[in-house]
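Going line by line, the protein sequences match chains F and S.
Read in my numbering, the first sequence has 16 at position 16, and its numbers run on one by one without any break.
Read in my numbering, the second sequence has 75 at position 75, and its numbers run on one by one without any break.
Derived by calculation from the structure, the hints in this document are not laboratory data.
It is possible that some hints are incorrect.
To be verified - Calculated Cβ distances over 12 Å to all of chain F for the following chain S residues: (1) E4; (2) L6; (3) A23; (4) E24; (5) D27; (6) E31; (7) G38.
What the hints assert, rightly or not - Derived DSBU-like pairs: lysine-lysine, alpha-carbon spacing no greater than 35 Å straight-line: (8) F:K59 with F:K98; (9) S:K125 with F:K4; (10) F:K4 with F:K61; (11) F:K4 with S:K44; (12) F:K129 with F:K59; (13) F:K94 with F:K132; (14) F:K61 with F:K34; (15) S:K125 with F:K61; (16) F:K8 with S:K125; (17) F:K3 with F:K59; (18) F:K98 with S:K125; (19) S:K125 with S:K44; (20) F:K59 with S:K125; (21) F:K98 with S:K44.
Computed from a predicted model, the values in this text were never measured in an experiment.
All C-beta atoms, glycine included, are put in the ideal place defined by N, C-alpha and C.
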Amino acid sequence: MEKKIWSKPEMNEFVFAANEYVAACLDTKNTYLKFVCDFGNKFLDSLFDIYVGVYDNNKTKEENAANSELLTKDYIIPGTGNYHACGDTHYVQKEDGKDWTDYFWVGWADSDSRDGEIGRVTEQVCIWKGEKNDNVHVTTQLGTEIENVTGNRS
Amino acid sequence: MRYEELSIHATEHIGPLENEQLAELSDAELEAYMSENGFRESVKLYRANGNYVYREIAGEGVLIPSGDLPGNVMVTLNETCAFLWEQLQEPRTVGDLIAAARAVYDDPNHELEAQIRAFVEDRVKTGHIWEVK
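Go ahead and model the full structure; you've got the sequences and the hints to work with.
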């Protein structure tokens, strides 16, 4: 087997913006990850392309796009579509032993999808593909911000 | 006595003596020699912080925090770092990591060993890697 060339091992940390709401709550039987699909609401005039992948600040947006998976193309309006926040509160039923990483994808958003608009890249978002895995719902806060709260589903 | 699972780990060749010379030392001399030459450090075991979930996203290694870690921080790994992270799913000495990396990577600039040592030292400080014993 041909050996690869060694390069310096590197870790880079990215911090999510904390401006959207995600939580989990319990009813008597089930645990849910609760979040509001409101990413992008502050840009009401904007549509977004949503990508699965990690945005690298050392690369151009085009290079990042080439290294990421464009979700909106296939999941919202096949062939052309864009994301826009639906604004709904979603409850993702969570199985025992799993956590949010089993249900959400990490990605980034590009609002540069309208003619004449100045592009805005949001580097870190989290994406839920919907119960049928055929949609795109986005937030920018996840991880251990998802806490288990006992109570009725609400 | 409590049974401990058998394990064999690589340690770096320490000190100036060759293996044949080491074999001729008495137990007391060997212990003193090893103590003088940092043997204790070389048998330390490390493993990856189990509160991170490793995922590959768009071909890139990503650590996603869980448990008590801050939830709004995500860590990306380059290829060699992802390789070391995979190795550290089980307790490993620095010597184990160096030996495993040498089996997979060419090191034309002779920097692999020093960079792995620095990586482990740095990441223990940041909490990404735990010292097992």
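How the hints compare with the structure:
no. : hint              : in the structure
1   : E4                : holds (28 Å)
2   : L6                : holds (29 Å)
3   : A23               : holds (32 Å)
4   : E24               : holds (36 Å)
5   : D27               : holds (38 Å)
6   : E31               : holds (34 Å)
7   : G38               : holds (22 Å)
8   : F:K59 with F:K98  : holds (33 Å)
9   : S:K125 with F:K4  : holds (29 Å)
10  : F:K4 with F:K61   : holds (28 Å)
11  : F:K4 with S:K44   : holds (28 Å)
12  : F:K129 with F:K59 : holds (27 Å)
13  : F:K94 with F:K132 : holds (15 Å)
14  : F:K61 with F:K34  : holds (31 Å)
15  : S:K125 with F:K61 : holds (33 Å)
16  : F:K8 with S:K125  : holds (18 Å)
17  : F:K3 with F:K59   : holds (27 Å)
18  : F:K98 with S:K125 : holds (29 Å)
19  : S:K125 with S:K44 : holds (15 Å)
20  : F:K59 with S:K125 : holds (29 Å)
21  : F:K98 with S:K44  : holds (32 Å)
Hint compliance for this structure: no hint is broken.
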